[in-house]
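In this text, residue positions in the sequence shown follow full-length UniProt numbering: the first is 1, and each later residue adds one.
It should be emphasised that the hints constitute simulated quantities derived from the structure, not laboratory data.
Treat the hints with care, as some may be off.
To be verified - Label-pair ranges, simulated between beta-carbon atoms:
#	residue 1	residue 2	range
1	L119	A55	11 to 21 Å
2	Q68	V117	14 to 24 Å
3	F34	S237	35 to 45 Å
4	G324	P239	13 to 23 Å
For every residue, glycine included, the Cβ atom is placed at its ideal position computed from N, Cα and C.
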Amino acid sequence: MNTIWFHQNDYKMPGLAWLVAGVMTVWTGVLTYFYGREDGRRGWLVVTDLVLSCALMFSSIPIVGADQLRLQAPLITTLWSSGPVVAGAVHGGRTWGIVFGCLVAASNLFPRGYFDVYLAEDTVLLIGAGLVVGIAADGARRSAERVRQALRAEAAAAERERLARSIHDGVLQVLARVRRRGLEVGGEAAELAVLAGEQEIALRALIATGPVATTPDGETDLRPRLQLLTTGRTQISVPPTQVLVPVSTATELDAAVREALSNVDKHAGEGARAWVLLEDLGGELVLSIRDDGGGIPEGRLAAAEAEGHLGVSQSIRGRVVDLGGTVDLTTGPGEGTEWELRVPVGRTK
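Build out the structure end to end from the sequences listed, making use of the hints.
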């Protein structure tokens with residue numbers, strides 16, 4: 001407003017200058033209303049702000065005049081036109097901030113028809129402001145998401161503790177009593193006792209396992225997924241600290257381990273036990289699935305694949321190979337079976 005007041009006598013079209021001032025005032029009020037609302041900063045509104053600001057900057061050509069602009073007269077919008085850069089950076093992060101800064105800087109240069117050290121400073125400031133505000137906005141969003149994730153985890157842990165107390169006081173005690181009594185009676189009751197014991201172990205593993213959550217970067221802890229596979233015949237060993245991998249990687253590895261354990265139940269023999277070991281080597285994960293069953297006879301896997309049984313070739317090897325990993329099988333008659341799955345993983349910072 002002050003710029004228009006002091007320079008109106010120098011403008012070629014002072015009436016249009018005051019019209020632009022009115023548009024800027026009304027639009028500022030509109031932005032203040034929408035940006036003041038929690039859901040008001042929409043993408044379409046931010047882009048409209050950019051387009052309108054650039055258009056008003058170009059209106060300086062007929063209003064101020066090309067001759068005055070070449071003599072370093074200010075554009076009709078002055079500092080008002082820097083607003084879209086900040087708004088774009090806040091809404092879309094550093095990428096939006098840089099793009100908006102470049103577009104506003106170009107709109108600041110084109111009407112003037114020249115480039116000097118002062119305009120170079122303005123250009124650097126506009127793009128730099130978009131970058132810095134965008135980085136800050138990205139960081140604020142990540143921090144807010146981490147806070148929300150922590151609150152969700154806290155609520156889930158509280159609910160898990162409540163359910164754990166209820167299950168411990170009811171279901172687990174009943175299963176433990178059925179197991180003890182069934183073993184004492186023997187016969188068919190002993191079979192029920194074994195099943196009750198397996199369910200008791202599975203429930204205890206479920207209670208002890210933390211909730212499966214996802215980070216803002218789209219990663220999840222692989223350990224809880226594997227710990228849920230604990231049974232009376234299967235022991236799971238995992239590192240004490242989180243093993244973060246992409247959700248898709250965790251899903252595929254979980255499915256591969258389940259297939260390997262399913263093969264133990266089907267083919268390793270009655271009473272065979274299994275052990276699953278997860279190792280985090282930094283850039284690589286190693287999953288070992290070992291059993292003490294009768295082993296796989298030579299040529300059996302090739303024959304099974306030829307017969308159309310693709311559990312090993314697709315559910316285990318196929319999944320790991322798709323993740324860029326390797327699979328090693330060690331087995332022999334009477335020696336049990338050991339699968340070693342190696343998968344490379346990246347570490348996001």
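Verification of the supplied hints:
The hint said 11 to 21 Å for the Cβ distance between L119 and A55, and at roughly 20 Å that hint holds. Against the hinted window of 14 to 24 Å, the Cβ-Cβ separation of Q68 and V117 comes to about 20 Å, which satisfies the hint. Between F34 and S237, the C-beta spacing of about 55 Å breaks the proposed range 35 to 45 Å. Taking 13 to 23 Å as the suggested C-beta distance range, the pair G324 and P239 conforms, at roughly 21 Å.
Of the numbered hints given earlier, the model fails hint 3 alone.
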